[in-house]
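Undergrad: What follows is each chain in one-letter form.
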Amino acid sequence: MVNTGVKVKRNKHVRRLDIATARQLMWWKFKRHRMALLGISVILFFLLLAIFAEFLSPYAPYERTAIYTSGSPMGLNFIDTDRKLHICPFVYGRVSKRDPVTLRLKPAIDTSQCWPLRFFVKGSSYKLWGIFKLNIHLFGAKGGFIHIFGTDKLGRDLFSRCLYATRTSLSVGVIGIIFTFFIGIVMGGIAGYIGGMVDNIIMRIIEFIRSIPTLPLWLSLAAALPREWSALKVYFAITLILSLVSWTNLARRVRSKLLALREEDFVISARLAGCKTARIIRRHLLPSFLSYIIVDLTISFPWMILGETSLSFLGLGLREPAVSWGVLLFSAQNILSIVHMPWLLIPGIFVIVSVIAFNFVGDGLRDAADPYSK
Amino acid sequence: MAPLLEIKDLKLYYPVGRSGLLGKPITTVKAVDGVSFTIIRGESMGLVGESGSGKTSLGRAILRVVEPTSGKVLLHLGKKIIDITSINHDNLRRMWKHMQMIFQDPYSSLNPRMTVRDIIAEPMVANHIAKGSDLKDRVVDMARRCGLDVEQLSRYPHAFSGGQRQRIGIARALVLHPDFLVCDEPISSLDVSIQAQIMNLLKDLQQQLNLTYLFIAHNLSVVAYACDRVAVMYLGQLVEVAPTEILYYKPKHPYTESLMSAIPAPDPDNVMEPILISGERPNPANPPSGCRFHTRCQYVDTKCETQVPELIEYDSDHFIACHYAEELQLKGALEQPAAVKKEHT
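For the protein sequence lines, the chains are H and G, in the order given. With our numbering, letter number 2 in the first sequence gets 378, and the count goes up by one each step, no holes. With our numbering, letter number 71 in the second sequence gets 88, and the count goes up by one each step, no holes.
Hints are computed from structural coordinates only; laboratory data are not their basis. Do not rely on the hints blindly, as some may be mistaken.
Claimed, not checked - Computed cross-link-like contacts, EDC-like style, restricted to lysine to aspartate or glutamate with a CA-CA straight-line distance of at most 20 Å:
no.	chain 1	residue 1	chain 2	residue 2
1	H	K652	G	D135
2	H	K652	G	E84
3	G	K114	H	D641
4	H	K652	G	D107
Could you put together the complete structure from these sequences and hints?
TA: Right under this line is the structure:
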C-alpha cells in the first residue's frame with residue numbers, strides 16, 4: 377500500500393520532459409545532486425550573513441570591549457550552577473583576574489553573574505546598506521557583553537568581524553568574477569570569432585600569463601600598489617589583480633566553444649536563414665554555451681576567494697581597517713596566538729566551508745549542464 | 018529545359034598546415050577541383066561518390082556557405098542571371114531565400130535552445146518577411162505540409178526522433194519557398210523505414226512547391242529512386258553525368274561501373290560479384306597525374322597516366338571524363354555474368 381501511495385504522489389507532478397526547456401532540464405538534473413543543493417543553501421546562508429551583517433552582528437567591527445581582550449568564546453548555557461533551568465539561554469559574566477604565575481590580567485568566568493541572551497536589543501547605531509539608520513541588533517546580552525567567537529587582542533568581537541569579513545570576501549569574489557567574465561568573454565570572443573592573426577596574438581598572451589606561477593605574480597602586482605591608497609582603492613585593485621590573472625581560462629573556453637559552434641550545422645542553417653552576424657551570436661551561439669560559462673565561473677569562484685585570502689594572509693592584500701577572512705587570519709599567523717587564542721582560526725572555517733560549498737555547486741552545475749549525463 | 022543553376026569550373030581548396038607561426042599554407046586539399054555542370058529547373062540532380070570525394074563541399078560551395086576558391090555559379094531567376102560567387106554578402110543573404118539546404122545530421126542542424134516554432138519561423142523573422150499572426154499561420158502551414166504535428170510546435174528539438182527532426186529541418190528550409198534545395202545526404206542517418214517516408218515527403222514537396230533538388234547521397238538505390246539525372250564524383254571532379262537510367266544500366270566510365278556493380282539485387286539467390294577496385298583512394302592534397310582514377314582503374318593505359326580527360330558530352334546529355342569512353346564495353350547495375358546465374362538455378 378505504501379508503494380502505491382508514493383506512485384500516486386509522483387504522478388501528480390509529472391515532468392513533461394518532451395516540452396521542457398533546456399533550463400528546466402538543467403534544474404531537474406541539478407536538484408538530484410544532493411551535495412550541490414546543500415552547497416547552494418550554504419552559499420545562500422553566507423549571502424544572508426553578508427547582506428545583513430550589521431543587523432546580525434551584536435557589535436560594530438571596531439567596537440572594543442576593553443575588559444575582555446583576547447577573550448575566549450563565551451558559551452551559551454541553559455542550566456546555571458544552582459541547577460536552575462533558564463528558558464532563555466544566558467552567558468556567565470566575565471571579570472579580569474591577575475594570573476598568579478605570569479601576573480598578567482586574564483579574563484575569567486564569574487559564575488555568580490548571569491547575563492541572559494536578549495533578542496532585538498539596542499546597540500551601536502549603524503546604517504544598513506548605507507540607507508536605513510538603525511540601532512537594533514539581532515541579539516545581545518543583558519547587563520554585560522556577549523562574544524560567542526571570543527575577541528581578538530584589542531577586544532573586538534570576532535563573530536561580528538567574521539560577518540563583516542564574509543561580506544568583503546564574498547564581494548571580492550563576485551566583483552572579481554564579473555571582471556573575469558567581462559575580460560574573458562570579450563578576449564575569447566574576439567579570438568574565436570575574428571580568428572587568424574588576432575587569435576594567434578591573444579592566445580600567445582594567454583599562454584604567457586598562464587606560464588607565470590600565480591602566487592609570485594599576485595605578490596608582485598599587489599606589492600606594486602601604493603601604500604598610501606585607501607582601503608577601498610586597495611580592495612578594488614586586489615579584485616582587479618585577481619581577475620587579470622584568472623580571465624585566461626575563461627577566454628580559452630569561450631574561444632574553443634565559438635570555434636566549435638561556428639562550424640555546427642545549425643549555425644550554417646542560421647546563416648542560410650538570412651541571420652546577420654549579431655543575430656547569430658545572440659540567438660544561436662551565446663545561448664548554447666552560456667551554461668558552460670556559468671559553470672566555469674562557479675568553479676573559479678573559490679579561487680577568487682582563496683586568492684584574496686592568501687594575499688591578505690601574507691599581508692599584501694587587504695589591510696586593516698578593511699575586514700576580510702584573510703585579514704582576520706593574518707592575526708592568527710604566529711604560533712603564540714594559535715596556542716593562546718585558537719579561536720582566531722574560526723574565520724578559516726568560513727573559508728573552508730564556502731570553498732567546499734562552491735565546489736559542490738560547481739560540480740552539480742557541471743553535471744546538470746552536461747547533455748550526456750543521465 | 019530552362020537551366021536554374023550553371024556551375025562553371027568551380028574550385029574549392031582547403032589550406033592545410035602552416036609553415037611557422039604566420040606562414041603560408043603548406044599545401045591545399047582540392048576538395049572540389051574544376052567542376053562544371055548545369056541543373057535544370059524542376060529536376061532532381063543526384064550527386065554520388067565515395068566518402069571524401071567532395072560531394073558535401075561541392076554542395077556547400079554552390080550555395081557559397083563555404084567560400085569557393087574560384088569558378089562561377091550562375092542562378093537563373095526569371096530573366097535575371099545572378100552570379101552567386103561575385104555578389105556582396107548582403108545580396109548573398111537575400112539570394113539564400115532562393116537557395117536552401119537540408120543537412121545530413123538532424124541532431125546538429127537544429128538549435129537545441131529554440132522551440133520548433135521558432136526554428137521554422139527563423140528565416141521569416143531574420144528576413145523581415147512576416148510578423149504576428151501571418152508568421153504563425155505560415156509556420157503552421159509549412160509544418161503541416163512536412164507532416165509535423167501542429168500541437169507539438171512549442172516543444173524543443175530534443176523531444177523529437179530523427180525522422181521528425183529531419184521534417185523540422187525540411188520545414189525550415191522550405192518556409193521561404195526557395196527554388197533550389199541542396200539535400201546533403203538527408204536520409205543517411207535515419208532508419209530504413211523512416212528513410213522511405215522522408216524520400217516520399219521530399220518527392221511530394223517537390224511537386225507541390227516546384228522545387229529543384231541537388232540530391233547528395235552515397236546510397237545508389239535511393240538516388241535511382243529519387244533523381245532524374247545523376248553526377249558521379251571522384252576525388253573532387255565529375256567523372257560522369259547522365260540521366261539516371263542510362264548511368265545505371267549503360268555506364269561509360271570505369272568508376273561508375275564499379276559503383277554500379279556494388280548495388281545489391283533484391284534476390285536471395287543472387288551472388289554478388291562487385292568489381293573491386295584495388296588500392297586506397299589517393300590523397301586529395303596530392304592527386305594523381307593524368308586521369309585521377311588511373312591508379313585504380315582496371316582498363317588503365319599509358320595515356321591515362323599523363324593526359325587529363327575532359328568531361329565531354331558523348332551522347333546527348335551523357336557526359337563522360339574518360340579517354341576510352343567509346344571503346345569500353347561496361348556492365349551496368351544488376352547485370353550478372355551468365356555462368357553464375359546458371360550455377361544457382
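Undergrad: Hints the structure violates: just list their numbers, smallest first.
TA: Violated hints: none; all satisfied.
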